[in-house]
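Read off the chains here:
There are 2 protein chains.
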Amino acid sequence: MSQSRKLGLAVAQMGPVHLADERRAVVKRLVEMLKEAKARNAKFVVYPELALTTFFPRYWMTEAAAVERFFEKSMPNADVEPLFTAAREAGIGFYLGYAEYTREGRCFNTAIIVDETGKIVAKYRKTHLPGHADHKIAAPFQHLEKKFFAVGDTGYPVIETLGTKMGMCLCNDRRWPETWRAMSLQGAELGVLGYNTPSQNIHWPEPVHLRMHTHLITLQASAYQNAMWIAAAAKCGYEDGYHMIGGSVIVAPSGEIAAQSSTEDDEVITANIDLSLGDTFREHVFNFAKHRRPEHYQLIVERVGAGDPLPHDPDQFN
Amino acid sequence: MSQSRKLGLAVAQMGPVHLADERRAVVKRLVEMLKEAKARNAKFVVYPELALTTFFPRYWMTEAAAVERFFEKSMPNADVEPLFTAAREAGIGFYLGYAEYTREGRCFNTAIIVDETGKIVAKYRKTHLPGHADHKIAAPFQHLEKKFFAVGDTGYPVIETLGTKMGMCLCNDRRWPETWRAMSLQGAELGVLGYNTPSQNIHWPEPVHLRMHTHLITLQASAYQNAMWIAAAAKCGYEDGYHMIGGSVIVAPSGEIAAQSSTEDDEVITANIDLSLGDTFREHVFNFAKHRRPEHYQLIVERVGAGDPLPHDPDQFN
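In order, the protein sequence lines correspond to chains A and B.
According to the UniProt record's numbering, the first sequence is numbered sequentially starting from 1.
According to the UniProt record's numbering, the second sequence is numbered sequentially starting from 1.
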């Protein structure tokens with residue numbers, strides 16, 4: 001087994017951000033949790049997706065109205081600057097999700113990684129946008145990510161920072177195994193993400209407990225299958241009456257949960273993770289160079305949707 | 001939600017097959033379990049990997065000695081014919097794993113699907129061979145799949161049989177997300193596999209409980225992520241003193257376990273599975289055509305082992 005390489009890691013779960021909450025008040029909550037993370041000897045903090053506002057894709061409105069109220073035109077901006085300052089002063093890096101409005105007027109569901117000097121060292125724009133673009137009048141709420149955001153153009157960045165290689169994604173991306181493979185094939189040792197996951201599925205009467213169940217099993221299996229640590233931060237609880245799951249976790253490359261939130265409110269969870277545990281899995285069961293067989297994986301890039309079975313004649317194999 | 005489409009499904013877990021056990025006696029056990037599956041109204045039975053012999057890759061020997069004793073030169077052969085006959089008479093299809101010696105003298109870790117008329121309709125040769133090819137003298141036992149078997153050349157067949165589309169794999173394949181994607185991209189609704197999983201990891205002191213844990217979370221996450229049912233059959237218990245895990249399961253596309261073995265012996269588990277549950281997941285969260293983004297999955301086929309992070313400059317995304 002490899003020699004221990006420790007990293008103090010924190011996940012800062014957020015309780016609800018209501019429509020009436022101002023960004024400055026939200027950022028104050030983020031700074032408070034940064035201080036707790038620092039006191040618990042963390043060097044990196046993971047915040048949720050769309051951390052600065054309510055999960056606005058649940059509301060029908062024009063794109064212009066959404067941009068005006070919920071998107072960031074620059075980063076850091078005056079409202080968010082106190083978080084950058086506090087993190088730099090504490091010598092802590094962080095991951096933060098927000099709605100990005102670009103110079104060219106494009107809209108993305110975005111996350112950044114900021115290093116311990118306050119520099120933005122990575123930007124990720126969400127690849128797998130769930131939900132719909134049309135107005136579902138009969139639904140109890142909307143899930144308009146396909147209306148308000150363009151599909152991300154960054155791929156899955158993996159960056160070297162804080163003595164590790166860190167990959168990033170957002171929310172629904174975590175359910176797609178391709179997400180994690182794109183990171184582990186770049187040597188990622190730690191994957192970080194934020195999420196806003198409504199408890200109710202508006203598309204079919206999915207039992208509510210499955211939302212937590214599928215969240216946890218996909219993170220656990222993905223951490224194991226990619227020999228990575230995973231840290232996932234929820235925004236959760238009732239935002240103006242609409243419930244989202246908590247379940248923020250730090251998952252080990254063994255697929256075991258090393259830390260998990262126990263509230264649906266602002267809550268910091270931490271673990272002093274040993275990055276070398278991933279090395280052990282990478283050397284043996286998931287020694288990719290020794291075991292992977294891309295010649296049998298071609299359909300993954302050749303097809304978008306599912307198609308017919310490939311022709312198969314068992315008599316050809318005798 | 002889609003209209004219910006039921007299939008009576010059985011997994012026939014096997015207890016140990018010792019070195020002294022003859023194939024005819026083993027096949028008798030398989031036939032016994034087939035009868036129980038029939039009595040419980042199953043239409044398809046999943047048997048383990050290398051179901052006809054002990055898990056011989058744990059023993060160091062020459063290839064010739066292994067072929068002589070543990071490989072099948074034809075299928076069905078006289079020893080296995082009683083299973084084919086019993087299944088045909090019962091109108092039941094089955095999946096069976098065995099060591100295959102081909103006409104050209106090649107060796108594969110193979111599984112077949114036999115339809116309810118007794119016809120071999122699919123053959124799969126294992127892609128992801130775990131273990132090693134050298135003699136590890138200091139190890140308590142060997143794991144010589146890389147010595148005794150060639151890497152499979154069939155890809156992942158998906159075939160239409162018994163009113164469903166069925167994909168197949170073997171043992172270690174289940175830990176690789178590419179396996180399941182290769183099936184679901186061909187429209188598989190049910191994935192079947194057998195396995196022999198030693199409780200002890202000879203490569204590093206992995207806690208023994210993790211072998212069951214990672215087995216279950218990967219099957220659960222893979223069923224969910226691919227909107228498939230999965231049926232997995234162990235050969236388990238102490239084979240001549242070497243322990244392998246049980247944990248045979250039928251997993252739903254929700255990632256929930258619908259049936260699980262409770263012994264480490266011959267044991268039939270069944271579920272009357274509703275294939276339409278997969279349709280529901282395929283229509284919504286895992287509507288591949290709507291959500292997948294192969295332009296960001298290229299590394300999966302471009303790289304075998306992990307490499308350096310791709311260049312990333314966050315300032316290019318403004």
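Hints are not guaranteed to be accurate.
Identical chains share a label here; the pair holds if one copy fits it or two copies do between them.
Claimed, not checked - Below are the DSBU-like pairs computed for lysine-lysine, each with C-alpha atoms no more than 35 Å apart in a straight line:
id: 1; residue 1: Lys28; residue 2: Lys146
id: 2; residue 1: Lys136; residue 2: Lys6
id: 3; residue 1: Lys136; residue 2: Lys147
None of these hints come from the bench; they were simulated from the model.
Okay, the hints, checked on the actual structure:
In this assembly of identical chains, lysine 28 and lysine 146 lie within 35 Å of each other by CA distance solely inside one copy; the values are 30 Å within and 57 Å between copies. Taking the shortest alpha-carbon separations for lysine 136 and lysine 6, only the inter-copy value of 32 Å comes in at or below 35 Å, while the best intra-copy value is 48 Å. In this homomeric assembly, lysine 136 and lysine 147 come within 35 Å of each other (Cα to Cα) only inside a single copy, at 12 Å, whereas the closest approach across copies is 58 Å.
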